[in-house]
Each structure stands twice: as C-alpha cells, then as structure tokens.
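Start from the sequences, fold in the hints, and give me the full structure.
In case it helps, the UniProt record's numbering puts the sequence shown at residues 1 to 117.
No lab work stands behind these hints, which were simulated from the structure alone. Remember, it's a predicted structure, so these values are computed and weren't measured experimentally. Backbone N, C-alpha and C define an ideal beta-carbon position, used for all residues, glycine too. Be aware that one or more of the hints could be misleading.
With a straight-line Cα cutoff of 30 angstroms, these simulated DSS-like cross-link-like pairs (lysine-lysine) come out [stated by the list, open to error]:
hint, residue 1, residue 2
1, Lys51, Lys91
2, Lys91, Lys23
3, Lys44, Lys91
Label-pair restraints from in silico Cβ distances [what the hints assert, rightly or not]:
hint, residue 1, residue 2, range
4, Gly43, Asp99, 31 to 39 angstroms
5, Lys23, Asp78, 30 to 38 angstroms
6, Ala19, Val80, 29 to 37 angstroms
7, Gln42, Val80, 14 to 22 angstroms
8, Ser46, Asp99, 14 to 22 angstroms
9, Thr20, Lys44, 26 to 34 angstroms
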Amino acid sequence: VSADTVLAPLRAALDSCRATVQKQVCNDIGRRLTVLEDAWAQGKLSAPVRKRMSLLVQELQQQHWDAADEIHRSLMVDHVNEVSQWMVGVKRLIAETRDPPAGEVGSADTEPATEPE
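Written out as structure tokens, the structure is:
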C-alpha cells in the first residue's frame, strides 16, 4: 500500500470540510496528516497499521462511517504507540465528514421546527 493511496483521500476529505469546519480544526487535522505522512515515509509504520489505514480509507470513501470508526478504534487499541500522534486527526476527519455542520447543501429540508406550541 502506498502512502499516497491513503493520504490522498484523507486530504481530499479535509479539503471538502474546509468550507464548513473551523479553520484551526482543519489546520490541526492537516498537521496530523503530515505527521502520518512523515511516519509512513520514514518506515515507522508497521505493515498491519498501513493495511488497516488503507481499509479505513476505503470505508470512508464508501461512506461506511461505522466501519471506518471501528478500524480507527482497533488501531488505537492494538497499535497505540504507532498511531497516537496522528490518529486523533483521522478520527476528527471521520466525524466531520460523517456529520457535516448544519447549513450544508441538502440539509435545508431538515430544519428543526420552531413554531410555538
């Protein structure tokens, strides 16, 4: 699995969040993705971590949020020393892509009713 196969979709997801997510949150996610990229490039990630990150990204691309979240949790449990510095960013990215903030295109018909009782 190449680093780019995993990082390109994560960066694309981050870019799509930038319009609706606070700048500092996006910047933090971006920094953490860079930490992931560097660790990958320097050979600091074991094969199981690289494999599971590849699976996580595939689930994200198919909008299988629960499956992606499950993989993220298993990585945190099984490989915490390897993933702790950057996995928070991936977790946040899953959360932001899964539940875009209100005001997103297509959410107009889900406005809460505010009529008085």
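Each hint, compared with the structure:
no. : hint                                : verdict
1   : Lys51 <-> Lys91                     : 17 angstroms, holds
2   : Lys91 <-> Lys23                     : 17 angstroms, holds
3   : Lys44 <-> Lys91                     : 20 angstroms, holds
4   : Gly43 <-> Asp99: 31 to 39 angstroms : 35 angstroms, holds
5   : Lys23 <-> Asp78: 30 to 38 angstroms : 33 angstroms, holds
6   : Ala19 <-> Val80: 29 to 37 angstroms : 33 angstroms, holds
7   : Gln42 <-> Val80: 14 to 22 angstroms : 19 angstroms, holds
8   : Ser46 <-> Asp99: 14 to 22 angstroms : 31 angstroms, violated
9   : Thr20 <-> Lys44: 26 to 34 angstroms : 32 angstroms, holds
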